[in-house]
Amino acid sequence: MEEEELDRIAVERCLQGDLDAFGSLIERYQRPVFNTVLHMVGDAEDAREVCQQAFMKAFEHLASYDRERKFFSWIYRVAVNESINHLKARRPHEALNDSIPHPRANPAEQFEELEEWKHLHEAIMNLEANYRAVIILRHFVHFSYNEISDILDVPEKTVKSRLFTARQQLREALEAKGHGHQ
Amino acid sequence: MAISDEELVRQLDAVPQVEPPEMKDAILARLRGPQLVPLPSGEGGAKRRVRGVLIGLAWAAAIIIVVTVVIERKPLPWQHVSATIAPPVDKWPIVARVAVPEEGKLIVRRSGDQFAIQPSATTSEAISVAWDQKKLEIADVVSDPEVLILQRKNGASGSAVIQLNVGGREVLRTVVSLD
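Line by line, the protein sequences are chains A and B. Each residue of the first sequence is one higher than the last, beginning at 1 in my numbering. Each residue of the second sequence is one higher than the last, beginning at 183 in my numbering.
If you're looking for bench data, these hints aren't it; they were derived computationally from the structure. Where hints are given, some of them may not hold.
Listed below are several chain B residues computed to face chain A (Cβ distance under 7 Å; list not exhaustive) [what the hints assert, rightly or not]:
(1) Ile185
(2) Leu190
(3) Gln193
(4) Leu194
(5) Val197
(6) Pro202
(7) Pro203
(8) Lys206
(9) Ile209
(10) Val280
(11) Ser306
(12) Ile331
Predicted model, so just to flag it, every value in this text is computed and none were measured. For each residue, glycine too, the CB sits at the ideal point set by N, CA and C.
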């Protein structure tokens, strides 16, 4: 059975009061949603809280979810919006965090890889939230332009335009740090 | 020094996915909520039977979080609680008694660090109790009378808000001292 159909069934069960069905949706989407939120807010603890809030908000508003749309688009939209709200609420001096937890269980490996893309992470965190979102959705969770358009509720050409600008800003930031070709 | 678009895309696409912390159980627990406890049913009079559907509200940093969950009603071990608390809950000293005519009533009793919350409503709508969950946590539920037992959290001081909702509406609230 396709994931879309599994989502539809799970949503129906949730609406009938089956909380375990919502658990299956969390299991299916917690990894990509957490990754999206993590790169949006740049802090693991904040990401966990924002992610949980996003899932809870999704549950609370499940009855208003348009079931003609894909569930994953909707949950991503909720998560991105929660992340942006979180960033707006965060005080300016908390805006940047130098470290982002890395996936590797091995601390040594984690450190090496962290160093490798530390500047990229910093550059991403310096992007305006709407630009950051398209970079994350396109490159970290590998959505199509059409899917990103659906998630962010903006035209596809806006997605492409934001992506172009975001990459340009990233390039400039990385080049300023000396990470280009000699 | 210039960086090509291809090189940037390569770097971006190479960023690995992070394994998320365990969230499912935490989210489901929050949705079910320790505060979402089916109060035992009362008998006769104006008391309204709570038929497994309870609305829980959590007070946190002056923000009310509303969570609605349908809970399958299960028998709860009331009896042992009543048996282990001495004196009986309904003999604890009353620290707050608030009533709104035609709406509902809330009686709060205290014994040490425990507060017994006795809600009642004059209508047929579902009732629920909300409280400052930073300072109080649920200890148990006892019946006859229908009472929710809240425990003061370690280190909690000052005062805490307790609120009665009827049909999802706040009808009254009271503040109890924790000191």
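These are the hints, each one checked on the structure:
With its C-beta approaching chain A no nearer than about 4 Å, B/Ile185 sits inside the 7 Å limit, and its interface hint holds. Checking B/Leu190 against chain A by beta carbon gives a least distance of about 6 Å; that is within 7 Å, so the hint holds. Hint on B/Gln193 holds. Least Cβ distance to chain A is approximately 6 Å, under the 7 Å limit. Restraint check, B/Leu194 versus chain A: the minimum CB separation of about 4 Å is within 7 Å; hint holds.
Because the closest C-beta pair between B/Val197 and chain A is about 6 Å apart, less than 7 Å, the hint holds. Interface restraint check for B/Pro202: the shortest CB-CB distance to chain A comes to about 4 Å, inside 7 Å, so the restraint holds. The interface hint given for B/Pro203 holds, since its Cβ lies 5 Å from the closest Cβ of chain A, which is under the 7 Å cut-off. The interface hint given for B/Lys206 is met, as the beta carbon of that residue sits about 4 Å from the closest beta carbon of chain A, less than 7 Å.
For B/Ile209, the interface hint holds, since its Cβ comes within 7 Å of a Cβ in chain A; the closest pair sits about 5 Å apart. A cut of 7 Å between beta carbons decides the hint on B/Val280: the least distance to chain A is about 29 Å, and the hint is violated. At a threshold of 7 Å, the smallest CB-CB gap from B/Ser306 to chain A is about 21 Å, leaving the interface hint violated. The criterion of a C-beta within 7 Å of any C-beta in chain A is not met by B/Ile331, whose closest approach is roughly 25 Å, and the hint is violated.
In summary, the structure is inconsistent with hints 10, 11, 12 from the numbered list given earlier, while agreeing with the others.
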